[in-house]
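Trainee: Taking the hints into account, I'd like the entire structure generated from these sequences.
Read off the chains here:
There are 2 protein chains.
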Amino acid sequence: MTMKKAENISEMLSRIEVYRNYISNEIANTQFPSTPSELYEPVKYILDLGGKRMRPILSMMACELFSGDFENAKNAALSVEIFHNFTLIHDDIMDEAPLRRGKTTVHKKWNERVGLLSGDRMMIESYQKLVQYNPDILPKILKLYNITAIEVCEGQQMDMDHETRDDVDIEQYITMIRKKTAVLLGCSLQLGAIVGGASEKDAQDLYDFGTNLGIAFQLQDDILDVYADQSKFGKQVGGDILANKKTYLLLTALETANGEQLARLKSLFEETDPEKKVREVKAIYSELNIQEKAQKQMEIFYRSAMEKLDSIQVDDAKKMPLRALANFLLSRES
Amino acid sequence: MTMKKAENISEMLSRIEVYRNYISNEIANTQFPSTPSELYEPVKYILDLGGKRMRPILSMMACELFSGDFENAKNAALSVEIFHNFTLIHDDIMDEAPLRRGKTTVHKKWNERVGLLSGDRMMIESYQKLVQYNPDILPKILKLYNITAIEVCEGQQMDMDHETRDDVDIEQYITMIRKKTAVLLGCSLQLGAIVGGASEKDAQDLYDFGTNLGIAFQLQDDILDVYADQSKFGKQVGGDILANKKTYLLLTALETANGEQLARLKSLFEETDPEKKVREVKAIYSELNIQEKAQKQMEIFYRSAMEKLDSIQVDDAKKMPLRALANFLLSRES
Numbered sequence: 003m004t005m006k007k008a009e010n011i012s013e014m015l016s017r018i019e020v021y022r023n024y025i026s027n028e029i030a031n032t033q034f035p036s037t038p039s040e041l042y043e044p045v046k047y048i049l050d051l052g053g054k055r056m057r058p059i060l061s062m063m064a065c066e067l068f069s070g071d072f073e074n075a076k077n078a079a080l081s082v083e084i085f086h087n088f089t090l091i092h093d094d095i096m097d098e099a100p101l102r103r104g105k106t107t108v109h110k111k112w113n114e115r116v117g118l119l120s121g122d123r124m125m126i127e128s129y130q131k132l133v134q135y136n137p138d139i140l141p142k143i144l145k146l147y148n149i150t151a152i153e154v155c156e157g158q159q160m161d162m163d164h165e166t167r168d169d170v171d172i173e174q175y176i177t178m179i180r181k182k183t184a185v186l187l188g189c190s191l192q193l194g195a196i197v198g199g200a201s202e203k204d205a206q207d208l209y210d211f212g213t214n215l216g217i218a219f220q221l222q223d224d225i226l227d228v229y230a231d232q233s234k235f236g237k238q239v240g241g242d243i244l245a246n247k248k249t250y251l252l253l254t255a256l257e258t259a260n261g262e263q264l265a266r267l268k269s270l271f272e273e274t275d276p277e278k279k280v281r282e283v284k285a286i287y288s289e290l291n292i293q294e295k296a297q298k299q300m301e302i303f304y305r306s307a308m309e310k311l312d313s314i315q316v317d318d319a320k321k322m323p324l325r326a327l328a329n330f331l332l333s334r335e336s
Numbered sequence: 003m004t005m006k007k008a009e010n011i012s013e014m015l016s017r018i019e020v021y022r023n024y025i026s027n028e029i030a031n032t033q034f035p036s037t038p039s040e041l042y043e044p045v046k047y048i049l050d051l052g053g054k055r056m057r058p059i060l061s062m063m064a065c066e067l068f069s070g071d072f073e074n075a076k077n078a079a080l081s082v083e084i085f086h087n088f089t090l091i092h093d094d095i096m097d098e099a100p101l102r103r104g105k106t107t108v109h110k111k112w113n114e115r116v117g118l119l120s121g122d123r124m125m126i127e128s129y130q131k132l133v134q135y136n137p138d139i140l141p142k143i144l145k146l147y148n149i150t151a152i153e154v155c156e157g158q159q160m161d162m163d164h165e166t167r168d169d170v171d172i173e174q175y176i177t178m179i180r181k182k183t184a185v186l187l188g189c190s191l192q193l194g195a196i197v198g199g200a201s202e203k204d205a206q207d208l209y210d211f212g213t214n215l216g217i218a219f220q221l222q223d224d225i226l227d228v229y230a231d232q233s234k235f236g237k238q239v240g241g242d243i244l245a246n247k248k249t250y251l252l253l254t255a256l257e258t259a260n261g262e263q264l265a266r267l268k269s270l271f272e273e274t275d276p277e278k279k280v281r282e283v284k285a286i287y288s289e290l291n292i293q294e295k296a297q298k299q300m301e302i303f304y305r306s307a308m309e310k311l312d313s314i315q316v317d318d319a320k321k322m323p324l325r326a327l328a329n330f331l332l333s334r335e336s
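Those protein sequences? They're chains V and D, same order as listed.
Quick note: to get this note's numbering, add 2 to the position in the first sequence (first position is 1).
Quick note: to get this note's numbering, add 2 to the position in the second sequence (first position is 1).
None of the hints are false.
Any copy will do: because identical chains look the same in the list, a pair fits if it lies in one copy or spans two.
Below, simulated BS3-like cross-link-like pairs (lysine-lysine); rule was C-alpha separation at most 25 Å, straight line:
#, residue 1, residue 2
1, K145, K131
2, K142, K131
3, K46, K145
4, K111, K46
5, K76, K145
6, K76, K142
7, K298, K247
In case anyone wonders, no lab produced these hints; they're calculated from the structure.
Keep in mind the model is a prediction, meaning the values are calculated, not measured.
Mentor: Okay, structure coming up:
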């Protein structure tokens, strides 16, 4: 991919910081009741853990794209951030994860009952934020939001199903990451577009931009997990290989390997020496050009995203923050 | 309490069957996707377990009270029934309950992850049903629904807190049962009233009727658990006493006992002979007139409920189904 107008990127990134600070402030100032404390302390705890605030930033950028102002997207931005954090609490219970953003997960810091119920409470809160919008756009907002929330649940179930299934194909994998991760990015953008007064078509194009970008981002995650520079990568490089995780890379290898390669790959699932396992799986990936194939697939989704952004009926200059953000996200090394 | 126009009750009860059949049919005909199957099979499973369908029946009765027709309440009725069943799945996980309506609970039949996620999915579905209503009443519907859902979460957390606290007072107990159980009955009625075109005041009165009735119903549960005829009672009589459950009866006894009675009562918390434990706690309850006190308190809430129903600006004859239902609920022996 090309870095269009790279000279503007640092300016755009500081613009992103404005959005991030705004939403972090709003979150910090959100009041919850003090009791029952085991219901509300986890809500404050997870929201204060931070994170990139990518979804609310997308809502605000989308709103500004059409209205020239991002403040009307405040409640949409809070809604998607609260929803996202609700899914993190519940997913962490399902995945038995001990850590989230380097801190103890809610169900480990308290217990599973607390994680379950405070997660439920957050989902209601995310609707509560949306209900603040005018009745003339509310049905449109809620229909989009409901469909997205449903797909996120389906994506999470598909992800869990993939762990035990041995017949997952690439199309199913793309559907899974689209539902589990990408649609919420698309929804965040489209909500911002709706409250910013975009036309139906522009709002839909922005949704498609977001979901395609989300899939590209997720594919890049799969690539980085194997090929990142360990000194710059936050997690253990090769973690997905060690866990036999059915990523785009592994599924592509399984689909394109010849008989002998397939036998080697499958026997490596049982390999107990971690260094040998990563080295030999990477060797097979190399024989099969897996990195290039994944890169190419990622770029297809990236280009689809950019085409959707291009087709939006707004001055190209105004699209620069979204373009810069997309470039930034997909040029990361960690 | 008096059974007004008892001669009409059997007629009214057959009317209730009409509502129940209607909603059971609607639920049976509700289509969910076939995959991911572990997400959707539990949804169908819990909804098909049946139950009294009290909440949807209340929505439909309320709608008919104002509009002369109950079909416009269909989506509200489905919403509250789906929400109620979502709370059952999640509560059963939190309470580690093996059985629900005599059948295996979702998290035991599948596992906790499945219960967690399919519960989440149902909560979204309950919003999905509400979004079908006209934009002119949608904000009112959603504000009521959100507040109710929030209170239900708070009530569930308070209930769990009460298990380990030893300083629960009666007021806190009433607040807990109001939030955990009663407000959803009030909400079911008010939703029906809103979609039936009721005035603000009438809709609010019907909400108050429902919550007061719900509290009375819950207090009667506490009374029946100790004083029901075992041959007619579905559960073990004395179950709450054996579990040292902080019911209205126990809390009243703790607040009104003299020093000697208090010492006896507290020592009975440790009693391991079940028959002796129930007998001796009941003896203390008898010394303190606990049954009468609880009955009186229940009747206060019942009368408050009926006063609210009386003050609604609709022909008294039209209120008969709700009156009959209230009488029926509070004259039960099991």
